[in-house]
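Chains as they are written, first to last, in the numbering used here: chain A, 62 to 660; chain B, 8 to 238; chain C, 4 to 304; chain D, 502 to 899; chain E, 5 to 182.
What the hints contain is simulated information worked out from the structure, not anything from laboratory work. Please note: incorrect hints may appear among the correct ones.
Computed cross-link-like contacts, BS3-like style, restricted to lysine-lysine with a CA-CA straight-line distance of at most 30 Å [to be verified]:
| hint | chain 1 | residue 1 | chain 2 | residue 2 |
| --- | --- | --- | --- | --- |
| 1 | E | 149 | B | 226 |
| 2 | B | 203 | B | 64 |
| 3 | A | 654 | E | 174 |
| 4 | A | 199 | D | 698 |
| 5 | D | 727 | D | 761 |
| 6 | C | 9 | B | 203 |
| 7 | A | 199 | D | 699 |
| 8 | D | 825 | E | 24 |
| 9 | D | 742 | D | 726 |
Label-pair ranges, simulated between beta-carbon atoms [to be verified]:
| hint | chain 1 | residue 1 | chain 2 | residue 2 | range |
| --- | --- | --- | --- | --- | --- |
| 10 | D | 813 | A | 393 | 45 to 51 Å |
| 11 | A | 463 | E | 169 | 43 to 49 Å |
| 12 | B | 68 | A | 193 | 44 to 50 Å |
| 13 | A | 309 | E | 101 | 30 to 36 Å |
| 14 | D | 811 | A | 442 | 23 to 29 Å |
| 15 | E | 23 | A | 202 | 37 to 43 Å |
| 16 | A | 104 | C | 224 | 53 to 59 Å |
| 17 | D | 698 | A | 202 | 49 to 55 Å |
| 18 | E | 169 | B | 232 | 34 to 40 Å |
| 19 | B | 196 | C | 257 | 21 to 27 Å |
| 20 | E | 23 | D | 813 | 26 to 32 Å |
| 21 | D | 702 | E | 20 | 30 to 36 Å |
| 22 | C | 224 | D | 853 | 55 to 61 Å |
| 23 | B | 232 | E | 101 | 30 to 36 Å |
Ideal Cβ placement from N, Cα and C applies to all residues, glycine included.
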Amino acid sequence: MALKDILTPFTAWTNVFKPVVTIKDPFNDRPGAERYRGFHFNDTSKCIGCGSCEAICENEAIDLVPVEGIETKDGDSGLRPRVDYGRCCWCALCVDVCTTASLRLTNEYTWVTENPEDLRYTPGVDVKPWDNNELGWKKPEPNYHFFGQKRVSMPELHPEQRDKSFIEIVKGYSKEQAILEADRCVECGICIATCPAHMGIPDYIRAIREDNIEEGFKILYDTNPLPEICGRICTHKCETVCSVGNLGEALSIRWLKRYIADQVESEDYKRILQSDGIANNGKKVAVVGSGPAGLSAAHYLALMGYSVTIYEQFSQSGGMMRYGIPEYRLPYDQIDKDVNYILSLGVKIIYNTNVGKDISLSELKSKYDAVFAGTGLHLGRSTRIPGTDHKHVYQSIDLLNKITEGKEIHVAENIVVIGGGNVAMDITRSLARLQNIKYGKVSIIATSLEDENSMPADREEVVEAREEMATINPGWGPKEILIEDGNIKGLRVVKCLSIFDEEGRFNPKFDESNTNFFKADMIVESIGQGMDIEYISEDIKKDLEINNRGRIVVDELFQSGAKWLFIGGDIIQGPDVIHGIANGHKAAVGIDKYLNTNI
Amino acid sequence: MSEDKNKNIQDINTPDDKFIHPENKPRTVISPEGEEIHIEPLRDYFLEKRPEVIQPKSDAVEKFLNWARAESIWVLGFGTGCGSIEIPPLMTPRFDAFRYGVQMRPTPRQSSAIIISGYLAIKTLKRVIRVYEQMPSPKYVLALGSCTINGGMYWDSYNTINRLDHYIPVDVYVAGCMPRPEALLAGFVQLKKKIKEGRAEGANEYAEKFDWYKGNQKKIINDWNMPDYNW
Amino acid sequence: MDIINKLLFVLLGLFIILNFGLFMGVSMRKIVARVARRNGVPFYQPWLDLIKLYGTRDQISHGIMFYLGPVFRLSGGVGIFLFMPLIFGSQYFNNFSFAGDLVLILYFQFFGMLGMALGAGEGGHPYSAIGISRGLSQFTTIEVPMTLAVISLGIQYNTLSISEIVAAQQGGFQNWTVFTNPFATAAAMLSLLGAFGHSPFNLVKAPNEIPIGPPTEYHSTFLGVLQTNAAILHVIEAVLFMNLFFGGAVNWFELMLKSFLIYFWSVFVGVVFPRYRIEQSVQWFLKVPLLLGVIAIIIYM
Amino acid sequence: MEKIKNIFNWEPDRSLYPEKDENGNLIVDLSSQKFTKVWHGPNHPGTTGNMAIELTLSGDEVVEAKTHVGYLHRGFEKLMERRLYIQCFPTCVRMCVAEPDYNEYLLARSVEELDNLEIPETAKWLRTLVLEMARLQTLLRTVPGQAGTLSLGMGVQWGVYLRDLVLDLFEELTGGRVYHMYIIPGGVRGLLPDGFKKRMEDVLLKIEDFIVRIDNLIFKNILFKKRTIGIGHIPAEWIDKYGVVGPNARAAGFKRDVRKDYPYLVYDQLDFDIATLTDSDVYARSLIRRQDLITTIDLIRQIMAKMPNDGDIKSPTPNVLHWKIPKGEVYVRSESSRGEYGFYTVSDGSEYPRRINLRGPSYTHAVVLLEKLLINANIADVHSIMVSLQTCPPEIER
Amino acid sequence: MNDIIQDITTRFSVTDIINKRENLTFVTCRKENTISLITHLRDREKFTHLVLLTAVDWIEDNLFQLTYILNNPTKKIDIAIRTMIPRDNPVMESAHRLWEQVATYQRELKEMFGIEFPDSPRLNEPFILEGWNEIPPYRRDFDTKKYSTETYFPRIGRGTNDPEEYMKSKLYPNDPTK
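Only chain A is shown next, with the shape it has when bound in the complex (with noise of 0.2 Å):
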């Protein structure tokens, strides 16, 4: 009961005389702190639509929308997200997880309105006052993600180890790091479209990522039916689509379906994906050519109870898969691996039988019911620049097929390899062996009309080239061979400024006054293949249609002019083994509806 007590409390009296604290103008004077997490914005040029944010979202906030204006394309579904302000908590695990960095928050934070439907909108499509707000949550930094932004590095032989010998350098996952790998995938799916058999990536990765390799097997087997092959030398057009790597590196995806592939041994084959005891229909197919199209015709067709019977020019099954890679890229040992299980269906091989010589294709049109023809492009093409009738001139394709089956070919100490793509690549990285054993050191020169950037190649067929110490020389165009002699003396090149013209022909720009010279003894040609069709004789030509650019005609499940003839692979599409590997699925199928229903 002290006066003290009662007096005190009269300080608080003092506060009259201090100023007012008050906000003057709440609706302006008090912008959310820089990284407020008010509405969304989505910039809609880098967003791929690839549903990570509607994945995440705990309140089913965010559905995925078309958008007018936006096209589906590769890499990109044409869906955007649009947020139900009716379900959004503002968490921004959505922006935290966009694999493009597109949607953010922005610091806005009021929005008033009588009608609760209009609180559902399209960030950066539908227009709000917001949308030039830069402020707002971003992703935030350093070494702040949601999945793994790196790629789980792949075991590779050293340079100094492989540059001798053509042993397979890619080691493979082990299953540790397969999972790590494959835990990084956001299952957004937007591969399948862009893969040509449109197999079920995500799902095959799912199936990694719980250890269950058998299930994976089985979903690799539905669209592709050579999967250690495209596990190893698919040109994964997948990966170039990967929402991952739009900020990080993106999925192995390769490689993983190689895991799988991998993990299961052929004697399994049968029982995992219970293909025994196949009812034979009766009917008859002939598939000419053993590569990936005549492969993969040959097991969806046997698998719905045809007799299949391969007609193969080689002594080897695999047609440009084991003649056209080296192999230490892709061992033989795994093409049999897959090709014996296609065998093992009941589908026969005949060897060393080239349609058109050995047998005509009327012969086969009356032993089979009907015929799938996937034979590939086998002609090499020339530059035509003065001196390539010299006969250490030589085709890529040439070479390669010689190395392949064992036959001594002509290593020069200077070598010259004209073209950019992955051929290129392979006939110099496999001279680059070649001259490593002969002559203890490599002088390969590649040099294409692409610049770096551009080199059709895979990047890391180019990087590996080069730690094998070839020369990689891109962006210039080969303008003659210098012959002294009788004997190349090297090859003198242009820069080259483009490649296509406005209208995107092939029509190169070269800088006449920028000119270079590789000395070279010998030189490669690997700028790209032509079909060979002459075993399609004139009677059934006739029947063909064939357009503008020499190519043939065929439906879209791979039926040419003549009912009868399918035809697929590299002629049709590609050049790459899984377009022929989706071109062989689909004509089984147009098969199977051709001889069911006779159309």
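Could you slot chains B, C, D and E onto chain A? The hints should help.
Showing chains B, C, D and E alone in chain A's frame:
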């Protein structure tokens, strides 16, 4: 576009009798003695009498009254959810909603507005309905945050409603989870505008569509017992 | 001067008092807001509140006494006003002041309270009932020191007419009761704290104990009447104290200034103290102000 | 003289009423008109949040109290069972609106402990900072709030203003004002912005000034003392029997504080002391909270001085879209401003938690303890006692 | 800690001892022994503070797990006792005489899991829910999302597209192999 997720569950265009079970419809029964008894089952659940539509007075008077109503919003101090944590800042020096004519009242009888500050558990919804019905007309409802719009954070919870406008009429929605005091003030400004324009007739709407609202409420509230004088 | 004229001036006085009461109320709220370092309500807020309350569309009644409660309350307030001389020496604003008006005013103070109690009780809400019982017990104890002070004044000035008490205080501030009879003034000023119902004696309405006591069920026009009454009553109580202890007023300005300060006194205390419990409040009034009142009487005995 | 004094300090004779039956149970017959039923809440300005107390009154005195909760029940524990661990993170935050950060921390800690994940040093310091800031903002509301229950609202006005300043800092650091969603499993979601320490120090200075002012206004206020001393006494033997924790236990002389007893994050590197009192009434409890406020300010200063300024904020985690937590269960706790706050997490090895159970201090404080304390209390003190226990209904029903 | 565990292992035959941290141990105890074990721990070993009591639904094994976490405030150690009770007849001995708050926990468990605790005070009073007619909501077989969408009128007009399906319909709608 894919199928609307919720299309089959409800159809907003036929609000009339959809949620009123047959046993809740008004009817006349005849007792064994031959007496006619008129039964209105829904009535048993809340009010002694149905709320009535009270037509606004003549234009000029109503305009003047609406102006006064808009500038004197008495908000019921009923924190129904998360958002109520932002009420104290609103009423304290930083934001000082008093200067916008917003004041808090502790009893529904004296309030003209209620802030539904977020999710409503069924148990609270029951109280909110009683409170809303106790408030004298005209009355306004301010709905805060995602939860009142489409369920928000608790869209899949078994104990919270998804959208408020099925149970009581809502005047203004403020988006956010949770909305900041500034957004709430903006909500009040919008509400004032709506009142001044004479569009805030939620109480009459409730009276008009009373059966629909009651049917919706009855669909989810199973236990209508409530102690007297408990809000 | 005929009665019509008189009535017109009474009504004019009532109008001024009402508006001044509303102004005073909002000023106090703004001052309190300043202590909290904010601006507070706009100056026109109470008028708008009143318009809104009278303009509310529907009313729920709990019976005839529920109607009459606010009416009684208002008649209590207006009753005090009617017999309260406002401006000393003015023939227009002396209302119906007469010889025994002080006693009548003390009666009217209770009248409104009782009427309110009956009305609020009919509302049926338990908080109303609790508030009423608190209110009545507190008001009873407030009245004791108040009455003692008035008795002391009656003995001192030998009259029970307010006008005469005011007249006796004229001629300079040294003649004000506050200086001539400080004990009675102190007793009355302390009981005034209770009458105005600010902290620490706001337990009748006690927003966070029994929200909000007697007026819990009152709304719309009822509440409007109550608020009108509160505005009048606050000024008129202050005017009473001004007349009794602070020398009255000779013009409107003086009246407003003095009643403002007298009302401010309760706010000044109220802002910095929490509220008493009811029995603490009763005990307190029966201790300090009662003692002062008794001393005031003993001195003039 | 003694008799006169007794008149002023009159106490009811408890043996006479209310009537009890032979077992000592109350006979409450409402129709006898001796009792009144009053509901405090859920819509009652005096309740802490949306809960109700059913009071049976005899006059002004409470003879029976029952706590009713469920007005805020959202079924978090059910909802989290069908959310990924990362999705639980924004969900669990909402379990307590006044102090959401402890939920974030405990979920993150549970996940990290079940998955054996270490977090970067910087993240640890930032987490501690955020937790202490959360305590700071709660106490700024609750310390003057105790006086607010007794209608001395001025302290609340100042306190909430300062709390707003702390929320501004939160906004800068975490991007959220009330729900910060900052402590994510694996780390935190951002480094300190530039100039943060300076602004923090400014606010702390203002808060220190505020403490002096509320000392004068509240703690040295004769009426506040009269209303709180001796009210709501918790005997020491009830502490374990009723599961009393935190400031409420400390006010009864029990030196229990999770920060000291089971140091987490970087509390073992900070120098602080736990205050205790023995009076165990409302006044003692509010004094303890005031002391906590001072401790918290001191802790924030220490953290600011000692913490590293940059570094990683999050350790690499598995892809959150399919993060499987190994099978197991764990209980983790932290000291919220109300006392021990813990998560009991059970994982069945899948991407979804099997069960997450929140142990909130209010679970015991607001139900059994409050029901017991209110008996024989004056109805005017109900609110004051309730606030002195700092009850928070959302953590009872979740 | 270890000696306590050893002691109760021999006395109450607890199993499945998991040392989660040095101050937190999980043990499993048979249903019949649980209350006497808890009483023993509280009175002899001074585990005077009950941290929590809750249940976990192991629907696959047709069991409810009850978890009692006890804390010794002086030694600063925790022990968590797990008890399995059958799911189709969930009855457990009540522990409300040991701590006052146990009655509340048991009320919640009764309401949310449907576990019976005979003799526990106010057990059948509704605690959180009001007018609940479904199965107890915390049981695993109660589907909250289904209940919510069927009951609470989610706003119409929402609809989403799976990128994979959408791209298929746009880019290769007629792929015969799919």
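Hint by hint, here is what the structure shows:
1. E:149 / B:226: Given that 30 Å is the threshold and the Cα spacing comes to 17 Å, the pair holds.
2. B:203 / B:64: holds (14 Å)
3. A:654 / E:174: At roughly 24 Å apart (the allowed maximum being 30 Å), residue 174 (chain E) and residue 654 (chain A) satisfy the hint.
4. A:199 / D:698: holds (22 Å)
5. D:727 / D:761: violated (33 Å)
6. C:9 / B:203: Distance ~41 Å between residue 9 (chain C) and residue 203 (chain B) Cα, so the pair is violated.
7. A:199 / D:699: holds (24 Å)
8. D:825 / E:24: With Cα atoms ~19 Å apart, residue 825 (chain D) and residue 24 (chain E) stay inside 30 Å; holds.
9. D:742 / D:726: holds (28 Å)
10. D:813 / A:393: 45 to 51 Å: holds (47 Å)
11. A:463 / E:169: 43 to 49 Å: holds (48 Å)
12. B:68 / A:193: 44 to 50 Å: About 46 Å separates the Cβ atoms of residue 68 (chain B) and residue 193 (chain A), which means 44 to 50 Å holds.
13. A:309 / E:101: 30 to 36 Å: Cβ of residue 309 (chain A) to Cβ of residue 101 (chain E): about 59 Å, so the range 30 to 36 Å is violated.
14. D:811 / A:442: 23 to 29 Å: violated (57 Å)
15. E:23 / A:202: 37 to 43 Å: holds (39 Å)
16. A:104 / C:224: 53 to 59 Å: Check passed, 58 Å falls within 53 to 59 Å.
17. D:698 / A:202: 49 to 55 Å: violated (19 Å)
18. E:169 / B:232: 34 to 40 Å: violated (49 Å)
19. B:196 / C:257: 21 to 27 Å: Violated - the Cβ-Cβ distance for residue 196 (chain B) and residue 257 (chain C), about 42 Å, lies outside 21 to 27 Å.
20. E:23 / D:813: 26 to 32 Å: holds (30 Å)
21. D:702 / E:20: 30 to 36 Å: Distance hint for residue 702 (chain D), residue 20 (chain E) is violated at roughly 52 Å.
22. C:224 / D:853: 55 to 61 Å: holds (58 Å)
23. B:232 / E:101: 30 to 36 Å: Cβ of residue 232 (chain B) to Cβ of residue 101 (chain E): about 32 Å, so the range 30 to 36 Å holds.
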